[in-house]
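**Student:** Here's the letter readout for the chains.
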Amino acid sequence: MYITLAILAGVSIVLSRIVNYVLADKIGLFQGTFFNYLTGFIGSFILLLVSGETMKLFSINSYQGSWWAYLGGIVGVGVIALSSFLSSKISAFYLTLLLFVGQLFGGMVLDYMVSNDFSIQKIIGGVLVVIGLGYNLWIDAKNNKASTEIEKNNQVSSI
Amino acid sequence: MNYLLSLIAGLLLAFMVSSNGIVGEAAGNYASSVIIHFIGLVAVIAVLLIRKAKFKNLRQLPLWMYSAGLIGIITVLFNNLTFTALGVSLTVALGLLGQSITSIIIDHFGLFGLPVSRFNTKKIVGFMIILFGIIIMALPV
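Here the protein sequences line up with chains A and B, keeping their order.
Heads up: the first sequence is residues 1 to 159, going by this note's numbering.
Heads up: the second sequence is residues 1 to 141, going by this note's numbering.
What the hints contain is simulated information worked out from the structure, not anything from laboratory work.
Bear in mind the structure is a predicted one, so any value in this text is a computation, not a measurement.
Cβ atoms here follow ideal geometry from the backbone N, Cα and C, with glycine treated the same way.
Treat each hint with caution, since some may be false.
[Stated by the list, open to error] Subject to a maximum C-alpha distance of 25 Å in a straight line, what follows is the list of computed BS3-like cross-link-like pairs (lysine-lysine):
hint: 1; chain 1: A; residue 1: LYS89; chain 2: A; residue 2: LYS145
hint: 2; chain 1: B; residue 1: LYS54; chain 2: A; residue 2: LYS145
hint: 3; chain 1: A; residue 1: LYS142; chain 2: A; residue 2: LYS89
hint: 4; chain 1: A; residue 1: LYS142; chain 2: B; residue 2: LYS122
hint: 5; chain 1: A; residue 1: LYS26; chain 2: A; residue 2: LYS89
hint: 6; chain 1: A; residue 1: LYS145; chain 2: B; residue 2: LYS123
hint: 7; chain 1: A; residue 1: LYS26; chain 2: B; residue 2: LYS123
hint: 8; chain 1: B; residue 1: LYS56; chain 2: A; residue 2: LYS26
hint: 9; chain 1: B; residue 1: LYS54; chain 2: A; residue 2: LYS26
hint: 10; chain 1: A; residue 1: LYS142; chain 2: B; residue 2: LYS123
[Said to hold, decoys possible] Chain B regions said to be covered by chain A (calculated; three or more residues, Cβ under 8 Å):
hint: 11; region: 7-14
hint: 12; region: 50-61
hint: 13; region: 77-90
[Unchecked claim] Quick list of simulated restraints, FRET-style, between CB atoms:
hint: 14; chain 1: A; residue 1: MET55; chain 2: B; residue 2: ARG118; range: 48 to 58 Å
hint: 15; chain 1: A; residue 1: LYS142; chain 2: B; residue 2: ILE101; range: 17 to 27 Å
hint: 16; chain 1: B; residue 1: GLU25; chain 2: A; residue 2: MET1; range: 26 to 36 Å
hint: 17; chain 1: A; residue 1: SER66; chain 2: B; residue 2: ARG51; range: 22 to 32 Å
hint: 18; chain 1: B; residue 1: LEU4; chain 2: A; residue 2: GLN121; range: 20 to 30 Å
hint: 19; chain 1: B; residue 1: LYS56; chain 2: A; residue 2: SER66; range: 34 to 44 Å
hint: 20; chain 1: B; residue 1: ILE105; chain 2: A; residue 2: MET1; range: 15 to 25 Å
hint: 21; chain 1: B; residue 1: VAL42; chain 2: A; residue 2: LYS145; range: 34 to 44 Å
Throw the hints in and build the complete structure from the sequences for me.
**Tutor:** Quick look at the structure:
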């Protein structure tokens, strides 16, 4: 159950990234990001009203988590700015691969910090996941180079 | 330096799974999504003001182009649901698997008007390694 949800979260990331990419291409990166958060905010609000948990928005208990946890939205905007800056500096191959590595091993550090959860298995498994992702990315990069130099970086994995 | 920044960007993405998950535990799944999107909205408005950005051509665009934020709600909701049960690293690993599979399907059929790029069967090897890695990560200690 949770495994399916986690995979579907990944599916939704790609779909929203493509739509964001198309919009940003037309109206600009941060203008596109603005609409991303605006529709996300309005949609969440409607969902909240329907859910019957509306009062939770105004309850003090909802704001009792660690203060830094509430910075997620700001960090999200920061990552968008950072990735757009980096995509003009380094190849899509290295950017995507390093994003994978950062996410997986950042996740392990956070698991340790948040719930003291650490194991050698997670590191070995994480290394394998990076190798597998990197191998497929490398095949894409090789094919892109072989096909057309002009139309390179046209695959979804490099958006 | 740019390579290090890329690693940090990845780390921040993992941080978001964890931070959003913590807000989710405090405020419930729906109120937390409103809070998270509101703070992001404020942040991006600040960026737009600083850059004195202008909005153009908004009316000519089809409505679906504005739907990314709605899809993003699913990301936040599902990540928050799995975060408590699976932790950050496994949520991230499974999410990356989902991303790879989706990218390949979209590329193979050229969906969303993107150029067709047929599935290369060599990639099955990569997927086997990813799956094996995820299974090892998920094994009980």
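**Student:** Which hints from the list above does the structure break, by number from lowest to highest?
**Tutor:** 2, 7, 16
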